[in-house]
Each structure stands twice: as structure tokens, then as C-alpha cells.
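Chemist: Residue numbers (my numbering), protein chains in the order written: chain A, 134 to 704; chain B, 528 to 716; chain C, 838 to 1084.
If you are wondering where the hints come from, they were derived from the structure by calculation, not from laboratory data.
Do not take every clue at face value.
Ranges between beta-carbon positions, derived for each pair [said to hold, decoys possible]: (1) I846/C <-> D206/A: 56 to 62 Å; (2) R686/B <-> P231/A: 55 to 61 Å; (3) G1000/C <-> E682/B: 24 to 30 Å.
None of the values given here were measured: they were computed from a predicted structure.
Ideal Cβ positions, reconstructed from N, Cα and C, are used throughout, including at glycine.
Listed here are the chains, written in short residue letters.
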Amino acid sequence: MNVHIDARVGASHISYLRAKLPHAVLEENWQTPNQVTVTVKLNTLPEAVATLYYGREGWLSVVVCNDERPINDTFGLYYVLSMEGEDRCHVIVHAAVPSSNEEFPSVTPKVPACVWGEREIRDMYGLRPIGLPDERRLVLPDDWPDDLYPLRKDAMDYRLRPPPTSDKENYQFRNDAEGETTVVPLGPLHITSDEPGHFRLFVDGEDIIDADYRMFYVHRGMEKLAETRMGYNEVTFLADRVCGICGYAHSVAYASSIENALGIVVPQRAHAIRSIMLETERLHSHMLNLGLVCQFTGFDSGFMQFFRAREKAMTLAELLTGGRKTYGINLIGGVRRDVLAEQRSRTLALVAELRAEVQRLFEILLATPNFGPRVKGVGILDRKIARDYSPVGPVVRGSGYRRDTRVDHAFAGYGSVDVDINTGDGCDVQSRTMIRAAEIFDSLSLIEQLLDSTPTGPILNEDFVYKPYKFALGFTEAPRGEDIHWSMTGDNQKLYRWRCRASTYANWPVLRYMLRGNTVSDAPLIVGSIDPCYSCCDRMTVVDVRKETSRTIPYKEMERYCRERTDSPLK
Amino acid sequence: MLKLLKEVFRQGDATVKYPFAPYEVEKDFRGRPEHVAENCIACAACTSACPANALSMETDLAAGTRTWSISYGRCIFCARCEEVCPTQAIRLTTDFELAVANKADLTSQAVFKLADCVCCGEPFAPAKEIAYVTALIEANSGTNGASTGAEKSSEAERRRRLLSTCPACKRANDLQQIAQIAHRQEKNR
Amino acid sequence: MKMDTPADIQRMKTSLLTNIRRSAYVYRVDCGGCNGCEIEIFSTITPVFDTERFGIKVVASPRHADILLFTGAVTRAMRMPALRAYEAAPDPKIVVSYGACGCTGGIFHDLYCVWGGTDQIVPVDVYIPGCPPTPPATIYGFAVALGLLEQKLTAKTHIEGEGERVGMAYPELPYNLRVHVEREARRMAGYRQGRDIADRFLGMLTIPGELPLNQRIAALISKEPDPRIAEIFLRLGDTLRGGELSA
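Next up, chain A with everything else stripped away, as it sits in the complex (with noise of 0.2 Å):
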């Protein structure tokens, strides 16, 4: 897409990198007025993302790693970094790696945050990142043979299902802690829900000395999915489907995507009716949240009141969309859905109700004694971390930093009214609830302002044709964070590459932090304040180093611990 000149944002970051470092920049591509990719050596790529990171208070958003070897007989690295000081957009740095010489440096040893991405490029496509510490699988199963990269073109056709070759778990888990400690795996099935994840905690007594874990059981291979069978526009349900939280978040970010990449306007009312769902769904979240913190801390009435409150957030949904969960109302140019006057007024009613019921339930909440003690000052994310780690959502906004994607770049309906971004500078558990449930207030009154100004005219663009090998950046912010996809048109309508990254994968790796120094019996607390579309775990092995034993606790018996706090199961 040709970008006019004086429209571009983000020059100046252009600018300081090309001053910092003299002869790295190659070349600088626009994709939309606020989006710039910027080819650089290969060599200089870790120097190139720190110096943007820390210099000009780049975050990082996602790795994406595409096999161009088709196109122009490289790998494309894409490291994406939000840019949130001044100058707001988006710089994605793109390194190509020769087909002849597998291997990169590694951007990790400089930022932290990149660890998780240059994993999973390792798993995805067999890329060596040079210098990476931690060379463990992080997406593919244990028992995928070595040497098959599911993402490289000419490897293997998507239906492709190695047989099992082992029964057993051979993943190491890391411990960072000097001394004994006893080690508490969890998982990966567990009661309250979610996807399954394997977490060990290596404890002294009852302190959390470190943590580490196994995730991506349910890796099912989407991205590959939707790069053959299906079209560009059907992927927009499949996005519905990667999370069944805030799926609609990534079907928004999909779709956008798409739209930047083709330069496809899409109606202002198609955008307000975005806004208004992506809020409905990040209702719907939060107060699932709320409930189960209530949960966590003992508080089980609180619960089920804010469960059977949060049926109304899908009702509203149903009425909506047709779909309580996956509300698949997203074509590429618009929505599929309008919002006539029947169900405006209804909306209206239901967010009134909503707005009381939460009121009331809330005030119930924290006059509850053992609330405030049981999360103020757990779970802390120090500052610190927070910023070498570029977490998202609540979690970075509960350390005090004004990370939101509304405001920062906004999209969809986002541009026309007033987000308030709530901060809080506890860095706890605490902190994280309360930004929650300020938000569930922010989000009813943004539906009103929605439904207030929405705007007339078409809520579908179909007038635009598709191209081949262009790409793009789509983003929303969901109920845990900023969502990131980086798609690539194919050639035969189709996509050439999907890259898409939840903002859980970007809260997982300080987790671990997180746990730290806090009591076993806080853990599951702590796991659910990241939100982690739930609380995962079922079952916490017990491994006491200095007492050399080794023990499987239930979950349920910890979630007992984690309310009760009275016999320790760990005795």
C-alpha cells in the first residue's frame, strides 16, 4: 500500500536506530500510516530490537517467524515492538536468514521478552537461535520427532500425524534456586477448568522458591490450518476459536489484519459494532475472573453471584450475535451483524442491570474481611521485570504502567470515545482485581457511548481485492491484553502465514517471578490474577529436596489450602 509521507508515524524511530546504529538499517517498508517494518542485518538484529526496546520504550508484541524461502530464499524474522512513548505505532524489525545458514543470534540475551518467541521459532521451523539460554521445547509435544518443522513450507502436509512414540513426559524443568527446595508439579488436568498446563513449584517448607512450566497441551496446530485448508475469510471463525474467552478479540485482530495489509476501509458502524462486543466479551471475562478470585480466597457465595450476574454479559451476547461464547460475526471489511433498535434498547436494559448487580456485588467483595489481607502485597510483578518481560492487560497495568492497546493504537470503534486506563501501583494481586473490576464499569459505560453515536451507513466493505504477499499487523486489546496477529496474503486466496499471539503467551513467562517468595497456598491465587483464561492446575506434585520425598498433592485439596489456609497438606 502506498502510505502518504506526511500521514507516516514513527519516523523518528526510524531515525534514531539509523543514528544509533550507523550501516544496520537496510531498507523501510510502510504498511500503514503507523506501521513500518525495517529490514536490518541479520547481526545487528539483537542490537536493533534492544536499542528500540529501551531506547524509545518499545515493547516487544510478538516474534513471527515466516518461511520465505519460496518468495525469496530466506527466513523472514518479525521481531514486532509497540512503540509507546512519543510517536505511537507500531516498528517490526525484520532480519532475513539465508536458507543456506539456519541459525540467528538470539535477541533474548538483550530482551528478556523474547524468549518464549525464539522458542517457539526453534520448535516451529528449526532455526538455531545462537545464544538463546533456554533451548527446551516450548509448543510442540515431547514425543514430536526432532528434525519435523510443522511451519516450513516443504515440510509436511497439514494433516500429517507422526505416530506416538512415547507414553512418557521428558520435559526439564528449570530451577533457578540455590540450595534444596522441594518440588510441587501440577497438572496438566485439573478441576476448575481451562487449558491444561503443567506447572512444578519448587518450594522450602511452604515458600515458593521458584516455578517454571509446561505448557501448549492443547497445541493443535492453527496457524499451519489456516494457511492451507481453509480461505482468508474463513479464518476469521477459526481466530473466534483460539481462545473460547475472548476469541472475538483475536477474530477482530485477525480480521484487521487482513484489512491493514489489503488497505480495506472498513465502516465506521462495522467498527462501533466491534468496540461494543470486544467490551461485552470483556465483561463477560472479567466478572468470570472476579468469581473466581472469590473463589481462591474462600469466598464461594461471591461466586456464584458473580456467575449467575455474569449470564446477563451473555445474554447480552446471544441477543447480539445469535452465539453466547463464539459470536463469529467478523468478515474481512466489516461485521455480519447490525444492531437494530430492538436490540439497542435491550442492550441499554441489560447494561443498566449490569451495572447495579456488579455495583452491589462488588461492595459485597470488599467488605469481606479476609479478602484484602488474602491479595494485598501477593503475587508482586516487580516493575523491573514487568518492563524487561512486555507483559500486557491487567497484569502490566497492576505494575503501574500505562499499557493499553485502546489507547495506545486505537482501533476499531476505539478512536471516537474516552477509555480510561485504570493503573494501580500494588503490583499484587490486589492491584490486578481492582484495575478488573474498574474496567467492567469502563467497558458499560463504553457500550452506551457506543450505542450512543453509532455511527449510519454500511456495516460491510465489499469492495476490495486481494493481493498477493501483503502483510500486515492486527491488534485489540482483550480482557487479559493486548492480542497481536501478523498475517501474509498467499497467492491463491488463501494466507501465506498467520501469526497469531494471545496476550496470555505474553503473561506466562513472569509468572514465574511472580510466585516467587510468595506461600504455596497463594499459588493458585496468583496463577488465576494473571487471568490465565483460568486458573490451571490439578494436582501439585510435592518434591521436598532436603527431606528427599516426593509427593502428589490433589488440586482440590490445594484449592482447599488456598482458601482454608489450615493444614498445611505439605507436612
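Let chain A serve as the given structure and place chains B and C on it in line with the hints.
Modeler: Just chains B and C, lined up with the frame of chain A:
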């Protein structure tokens, strides 16, 4: 504690009566897709739009049939089929009571006949689709160019024949015609 | 590898279903879903839908379970944990495959890292379709699983009848005009509401009478209480008058 009790009493019984009383979903709830086979022309627009491959179309040349089928077990209830259907043969209902004990009951099928090509006699496209397209073009084309009744009917006959010819024969016929025209031009020169 | 149910356990299962006079305990096995199903199960057990009034209770361990609820398309990494959970549950047990992914693999059915549904690894007693199934659909599914309600859906095969033909919609209107109105209505209000609005508009055009088009549209708009629908009617009228139609 008192506040909580007050809230509990304020809400009273929050539980729905279902399954002892019907459960009302929203008017445009996306439930089970209802396929009215009588209105379907087996054009396959829905099967190519379906993100989950819940809809499929299989052609059996030997039997001269094309079978449309839906798996409610695979369906993601997105309503893309309803959106792309040219004859409104499929529409999502508000029916949500879909649980079954027998997996085969999750599938619904419709078998359509294939029409034979007027040239080679091989089956090639659904008869209903050809009939629909023919009727559509006839209703739409009016009387362009033709003046007498006889001309009109011979033009309509030619068009109908063309629509009932399979792509392979069409190509062969076209090549033959081009050869004839070239031959004529050669002679005229 | 797939588990089978031996005949004696099958008999025990039948007697469990006929004689169950107590609560049915449910253990959820997430085999790699998107959590949509999990959240809806949560909604099902909380106050508004409250399955505990039927004694259906979610438990923390497969060893306590009567019903195993499998969600997700069975990812490669979750295959073994899922099989372990199945083995851990005491016989007789009822296996429910939950959601589109559980029933058939859903949108992920043929991917490299999934096994394509619950019945690929364990024998399934009841399938609850939906993406995700809503809480009432879940309650209905439990009722079918416990033999309390009859299933409604049955396999159907339609065979094309002799002379079965599809007529054109609104044959009295020019084809281009109809398609134009329908497309514009979809751009304005989407496939469902737009279709309904287009039907009302086209229906108005087909009413016999001498009234000119402008007046008909004006009458339709003046009677419409919803300003958005009135706006769309106006727009549809404009596209008719705007000479955008070639026919």
C-alpha cells in the same frame, strides 16, 4: 455478610426451569442449521464456505448422483452456509437439543441426481442446478437481438443445449467451431 | 490405540443407567479445546442453570466420577493424560463427548497435532454437539446421557424426487433488481437481519397496484418505528433509483 444475605434475598430463585419448561433463546440464536433439500440446487456454495468442513458434497459418477451432507457434530454454527446460499435452502434454527447417543444420527444427507451431458451422455452437474440456471437466464435475458418468435425459440434452444453440455464437450465443440471458422476464412481469402 | 468396552462392563453400564438413584458425578477431561466448552460447563453448574439440582456435580478426580466429559479435539500432548483419566475412572462409566471438537474434531478435525475427537481414543456413549454447547444444550445432553430424555435428532436422507425443481424468488421482479436489493441489504445489516429487511422491502414492491415507487417507499418508511431499518429502506430505495441497475 448482611449485604450478601440481602443480595441473596433480592435475587430470589435465579435458576431457569429448563428442562421442565421450554428454554427461550434469542430470536436470532444460531442453532441447528435446517436444510430444505427441496430448495437446494446442490451448487456447493455452502460446502466451500464452511470453515469446519461440516458440510460436504460427494459426487458418485457411476450412480449419477451428488450427495450433500451435514455433520451436526462438526458444525460450528457460524451461519456461513445460510449467508452464501443462493436459494435460501439452509437457515439456522433456534434448535439446541442436539445430543445423541448414536453418532450416525448427527448426519443428515440429501441425494441429488446428476444430469447427463447432451453431447457425450456422461453425468456432469446436478439436474436441479442446470434447470435453475436455465430458468434464471431465460427469465433474465428478455428478447435481446431476436425479433421473431421462431428466432427467439431457436436461441433459447441453443442456450439450453449449451447449459446441458459438460465442460469437456464444450471445449471440444469450441475447438471444432474455431477450426471451422478458420477453415472458412482460409477459403474466403 | 483405542479403548474398548468389554461386554460385562456394558451390562453394568446398562444397569447403572436404569437403577441410578443418586447423584451423578462428572469429571471433565480437557483434551485440548479452546476453553469455550469449559466456560459453558461452568455456566451450567452455577446458579442460573444449576445442574446440582439434578445431582449432577463436577468432581475433582476421575476416581469419583460416573460421567467423564471429554472436551477438545484430543491434541497429541493430551492423548495420554486423557487415556489415563479414562482408566482411572471406575467402571461402569459414561463417556460424554462434548462440543464440536469432542464429537468429531470440529474445525480442527484434520490437523497434524490432533487426534480428531473423543471417539478416536475411547468409546463414547453420548455426543453433545455445539460450538460450544449452551448450558441448556448441556443439560439436555446430560439428560440424554442418563436416559431421562429421548434424543430428538435422527439421521435423515433426502432423495431427490421426480421433477423436483427450485423456483426463483420473487419471479415477478427483475432478477437484477432483486439481487441488487438483497446485496445492499446484506451490506447494511448482515446476512440475517439484512435478509429479513430485504424480504420486507421486496414484498412491498410486489404488492399489486398503481402506486408509484417513490410513494410506496415513503409509505414503508413512515410506518417503520425503527430509525435504523428506516435508514436501510431509504438506502434500498436510493439504490433502485440511483440508476445503478443496468437492467
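Chemist: Could you run down the list of hints and mark each one as holding or not?
Modeler: Here is how each hint holds up against the structure:
1. The hint said 56 to 62 Å for the Cβ distance between I846/C and D206/A, and at roughly 59 Å that hint holds.
2. Distance hint check: the CB atoms of R686/B and P231/A are about 58 Å apart, consistent with the given range 55 to 61 Å.
3. Restraint check, G1000/C to E682/B: a C-beta distance of roughly 25 Å satisfies the suggested window 24 to 30 Å.
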